[in-house]
Amino acid sequence: MEKLFRAVDEPQPDAFIRQSVEVGRAFVADWYAKAERIPDPEECRRRVSEHMPEMLDLFDRMAGFAGDNPAMIAALAGIDPPPLIPAGCTVRAFTQPRPTMLRNYDFHPDATSAVILRTEWSGRHVLGMSEGVSGLLDGVNDAGVAAALTFGGRHVYGSGFGIVQIIRYLLQVASDAKDAADVLRWMPCAWSHNVLVQDRSGKAIRAELAPDREPLVIDGNVVANHQAEVEPRPDSARRLGVACALVEDAEAARAVFVEGDLRKEDFDEWLGTLYTAEYVPGESAVTFHWRNGSWVQSLTRFEPGERRVVYPV
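In the working numbering, each number is its position in the sequence shown, counted from 1, plus 19.
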């Protein structure tokens, strides 16, 4: 199986975002058809204004791309997303030889956009793996804050924002780990997810978010796919143990993510490792790793282009 990864530099929403909205219309229509209700555009705008005021102008512009399509507008805002097959993922932050966050994104090649996007929305420069047009699976900003999501392990769904929009918002407004923690403590999350954040100082926090409980945001340097007081699935417990046992050296640990015990190849079960991202917050940079190569990107040296990745099936 082959997947095309693209790197796109679009400072403000323009042709790429517009095209992504058009390409995504059919998927969004089918997806939101599963929802109990679709929030209307006025409600979406009110909730963005209440929880993400810095993103309101951006929301208005993207809503213009969506036209008279309530489902697409709700999807762009990340409001009350319906259930979707969750991803896996493992993330660990290191302090040596410099602050670095390693993350494996585990999903199926057919179910991810595979777009590395550099933006300058709302006055902040952000680079990361785009998802859902307006969201991010992981990324880093010009203040030296990196963040990545994982599935939280429980199939609970409620009212709130999609996690990819929360990651995007966090990177748009946070200048350090404390700012990120503030966002994660008060932002309503629609599904069960974990988040790891690291700033340029090496400070790392982990968050457990869900619509049916208060957020847990504490110091921590590793997340997998389970939350406190919940019996973990064996594979999540195993990967968390492997990640915790790694030496405090990202360069020494890299191979365990890329081709070792943290890599997954269960593509028939929709959980194979699609990429390893190695974020260096202090340089606002990331290297995407695959078994057959790597791709270095940063906010100051961004390389638009394409890479094809082959996965075993």
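Don't read these hints as lab results, they were simulated from the structure.
Mixed in with the good hints there might be a few duds.
As the list claims (entries may be wrong) - DSBU-like cross-link-like pairs, simulated, lysine-lysine; straight-line CA separation at most 35 angstroms:
| id | residue 1 | residue 2 |
| --- | --- | --- |
| 1 | 22 | 283 |
| 2 | 222 | 197 |
| 3 | 283 | 222 |
| 4 | 22 | 53 |
In this text, all values refer to a predicted model and were calculated from it rather than measured experimentally.
Quick rundown of the hints versus the structure:
1. 22 <-> 283: 16 angstroms, holds
2. 222 <-> 197: Roughly 9 angstroms separates the two Cα atoms, so the pair holds.
3. 283 <-> 222: This hinted pair holds, its Cα atoms lying about 28 angstroms apart.
4. 22 <-> 53: The given pair, whose Cα atoms are some 28 angstroms apart, holds under the 35 angstroms limit.
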